Amino acid sequence: MMFIDRNRVQVLNQKWSDKSAELLQAMENTENVEERNKIIDKHHRYWKLFKSLLKSISYNKCWYSETRNPYSHYHVDHFRPKKKVIELDGKTERGGYWWLTFDFTNYRLCGSVGNTKKSNHFAVEYNKVTVPGPIDDEGHYLLDPFKREDVQLLNFNQEGRAVESVPEDKGKWQHNRARYTIEVLDLNYPDLVEERKQKWMEVSLLIKSVNKLEGELNEAPSATKQANLEAKKNELRKLLAPCSELTATVKACLRSSGQDWAYRLLEEEIREEICQELEDVNQ
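The opening residue of the sequence shown carries number 33 in the numbering used here; numbering runs sequentially from there.
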């Protein structure tokens, strides 16, 4: 999962905003659930207009899987389901957040694998909102790409699997939220796990190369060895760039190495220009 600055998601234009307000008013004017759902179904194209914008923000990567292909084509996911909600037990249902159907702040970019598996799942532990009103105090299980602290609750291992970053005995709520998200979004989908595993192996080889070059440089310093070392680190910087896939897996592998140089690399601010350089190379 990647962190997305919520401020980068903006209303498309005044025409869209006006139509959204009109549709919301129409839904508020009826208490008939079937009529409300008809309005939603009839105007499904309106939230799909956001897909290009959401893709541009993440360099065409799914916000949840950080990939472009293994997780399939994209859906505009309603973070809070619009028609109905499935509770934590997987069976109990309640009404959805219909008033957020045309609210662009409720949209997330998700691959079809995850969005299909998620469907209407959105378990809430406390301050559950069931009628139009403030939602910020809801204690929901699903991790949100808009929240940096949520993104940090997921980690990845050398087998390519998504795991909880907080042990249950250290933080039960955080642990359970991560576990729920992994399950509901199918973040251990086999093709995705294999992609992460391959990425981990790629990074591991680079880590070994850097360790070897650092050892050689310390034994007999030279400008050539320093340049070779920097070139290998630059390969890792490219894998950490925001336009690269599976950067969270790359970071997890670097952290697991226990190397001081790896920690320093993780603290660097990766230049945005790297993405343009990578794009030029691939053209």
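Please keep in mind that the hints were generated in silico from the structure rather than gathered at the bench. Quick caveat, the model's predicted, so the values are computed rather than measured. Just so you know, even glycine gets a beta-carbon here, dropped at the ideal spot from N, CA and C. Any given hint could be a false lead.
Each computed DSS-like pair below joins lysine-lysine, with the alpha-carbon atoms no more than 27 Å apart [as the list claims (entries may be wrong)]:
(1) Lys229 - Lys160
(2) Lys204 - Lys87
(3) Lys240 - Lys202
(4) Lys115 - Lys179
(5) Lys70 - Lys179
(6) Lys80 - Lys51
(7) Lys149 - Lys83
(8) Lys123 - Lys87
(9) Lys115 - Lys202
(10) Lys240 - Lys229
(11) Lys160 - Lys149
(12) Lys283 - Lys264
(13) Lys240 - Lys83
(14) Lys116 - Lys202
(15) Lys244 - Lys265
(16) Lys204 - Lys80
(17) Lys70 - Lys80
(18) Lys283 - Lys229
(19) Lys240 - Lys179
(20) Lys204 - Lys179
(21) Lys123 - Lys83
(22) Lys74 - Lys51
(23) Lys283 - Lys179
(24) Lys202 - Lys70
(25) Lys47 - Lys149
(26) Lys244 - Lys204
(27) Lys229 - Lys244
Beta-carbon label-pair distances, calculated as ranges [what the hints assert, rightly or not]:
(28) Ser254 - Leu81: 49 to 59 Å
(29) Pro166 - Gln57: 14 to 24 Å
(30) Ser84 - Lys240: 21 to 31 Å
(31) Glu305 - Ser236: 19 to 29 Å
(32) Glu267 - Glu215: 30 to 40 Å
(33) Thr256 - Gln46: 39 to 49 Å
(34) Leu81 - Thr162: 41 to 51 Å
(35) Glu267 - Asp223: 23 to 33 Å
(36) Lys204 - Leu81: 35 to 45 Å
(37) Thr148 - Gln57: 45 to 55 Å
(38) Lys116 - Asn243: 51 to 61 Å
(39) Ser236 - Val163: 19 to 29 Å
(40) Lys70 - Arg269: 28 to 38 Å
Ascending list of hint numbers which this structure does not respect: 1, 2, 3, 5, 8, 9, 13, 14, 16, 19, 21, 24, 25, 26, 30, 33, 34, 37, 39 and 40
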